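**Student:** Residue-level listing of the chains:
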Amino acid sequence: MSAVGVVAPLVRRKPPARVRRKRMLVAIANHSVLIAAAIAFLAPFAFITLTALMTNNQALSSNLWPHPFAWHNFIDVFTKAPLWRWTLNTMEYSFAATLGVVLSSVPVAYALARIRWRGRTVAFMVVLVALMLPPQVTVVPLYVMWAKFHPFGFNFIGTLWPVIIPNWFGDAFSIFLLRQFFLTIPEEYMDAARVDGCGELRILTTVVARLAKPAIAAVALFSFLYTFNDFFLPLLYTGESAHHWVLSIGLSEFRSLHQVQWNLTMAATLLVMAPVIVLFFLAQRAFVEGVTLTGVKG
Amino acid sequence: MLLLMAPWLVGFSVFFGYPLVMSAYLSLNHYDLLSPPRWVGLANYRYLFSVDPQTWTAVKNTLWLIVVLVPLQVLSAFGLAIMLARARQGVGIFRTIFYLPALAPPVAATLGFVFILNPATGPVNTILGHLGISGPLWFQDPHWSKPSLVLLGIWGVGNTMIIFLAAVLDVPRTLYESAQLDGAGPLQRLRYVTLPSISPVILFAVVLGVIQGLQYFTQAYVAAGVAAGQASQAADVTAVSLGYPLDSTLFYPVLLYQHGFTDFQMGYASAMAMFLLVVSFAVTLVIVLNSRRWVHEGAR
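Protein chains in written order, with the numbering used here: chain A, 82 to 379; chain B, 263 to 562.
If we strip away everything but chain A, and leave its shape as in the complex, we get (with noise of 0.2 Å):
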């Protein structure tokens, strides 16, 4: 946004007032749009707040604004559901799977970017398919083969390792990502490290490693977002034993835990909104960073 003001006038005649005019009433304009739009996408979250802080009767009925102010439904919500279990398995998940994709796609991105070898092209061709795919398309079989692999009487089944394993496999869209970011790092960092005599394993973990620092925290955000919000995968699997619900799934049930009362499904959904959008404020750059990245570069 910088660039775009840094044009510096030269000696400049101020435009006549009728351009001025007109220019102040297009930015105007502009702004009242901008406005309107911007109170539409804070509307939902506005009516979810208030309701969240209504009394169950508030909530049934057609008021908009909570009287008095119901705070502990906040606390409700933790004795009515298990909340904390469902955060806990989350976690489990959103850090099992993150920590996994990160270290199985930092090398394959790197050996796609950087190495040359009979089949590159092949290869990140195939990865490009698998990131194009639905998952619905494997989502059968693979069903098929978790509910058939019992080793040493463990039944996958139920739990949420089945979500999790694949991700120590490499990840497609992280490899893709990885893979334009490195392609960015001159090629003489690597020659240099090279010549002193590192192996491509060293240079990984030395050079590439901490100059893609952006990218890789891209990844592990992208990551963690995605098995938070992850739905699907952990329905399949763990969708008849409550015990391993994560939030998403426990979130879609509540309603059905607690029939119709409104006031605590917004808190409880207030909640599971919560830790994403403080993530967002702690690391705004790394997110519209990454964001970009995966659009403009692809």
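Please note: incorrect hints may appear among the correct ones.
Chain A is nowhere near these chain B residues, computed Cβ spacing over 12 Å in every case [said to hold, decoys possible]: (1) G273; (2) V302; (3) R308; (4) K322; (5) V369; (6) P398; (7) V412.
To give an idea of the interface, some chain A residues facing chain B are shown, with a C-beta separation under 10 Å as derived from the structure [as the list claims (entries may be wrong)]: (8) H112; (9) I196; (10) T219; (11) W242; (12) I245; (13) M347.
These are computed hints drawn from the structure, not numbers from a lab. The structure displayed is predicted, hence computed values, not measured ones. Where a beta carbon is used, it is the ideal one built from N, C-alpha and C, also for glycine.
Fit chain B to the supplied structure of chain A, relying on the hints for placement.
**Tutor:** For chain B alone, kept in the frame of chain A given last:
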């Protein structure tokens, strides 16, 4: 090199290649997970395309969603990005406001929308009522359930908007200046400078939108479940709620889920998966090949 590629090679074969082959095999069998697969040839496909009435409902719903939602998302993201690029003040705040909904977890966002749009006491219909308009039944009405999902989709357009904004701000200023010198007005500059310059990003958004449309599940599943529960007041209605109301939110992935994981017809669900595979492959291919005509190659 082999060492570096090893995790992906294993992962790809076990979690992608093998299931793909198995899917093709299972699609030719009757399989319920309990008894061993029984060979039925092409019967699953025949039933899928010529007998099962739900297939076409699901295909039509999915097409409807893609044809309506993807262009609207691209348009609104583009509009917001253009306005943000021109704004002089408060760009950071506006950008944050438009981006935040995209962050809301899909289940939470859907729940929020089902509440806000609930016909009896929801804020939207309450406000419409004050204005003298009797609002629709939204998620309870088969004609309004998909438009309600579209509203939800537009609310979450922030990711695309950020990408568009970056692309718009990346257009060299000199291009606008020379267009202006040639006498191009604001609309012409938008049409002949901005659009061609960011066309690759638009293509990216369209491809992504179509792919996401083909795997649209969470929002439909949650909205149908909650709305059905609200209507019947019963405790557990998940089993009958898929596609509620009247199969209007029965999208292809929802139907696949129903056949595979509530009815456990693994063979039939595999046949559905194979069809989805062919379609997503073809769609992506068509969009990317045709893009040459309208994506400005020199842009990037």
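**Student:** Output the numbers, in ascending order, of every earlier hint that fails for this structure.
**Tutor:** Numbers 1, 5, 11 and 12 - these are the hints that the structure violates, sorted from lowest upward.
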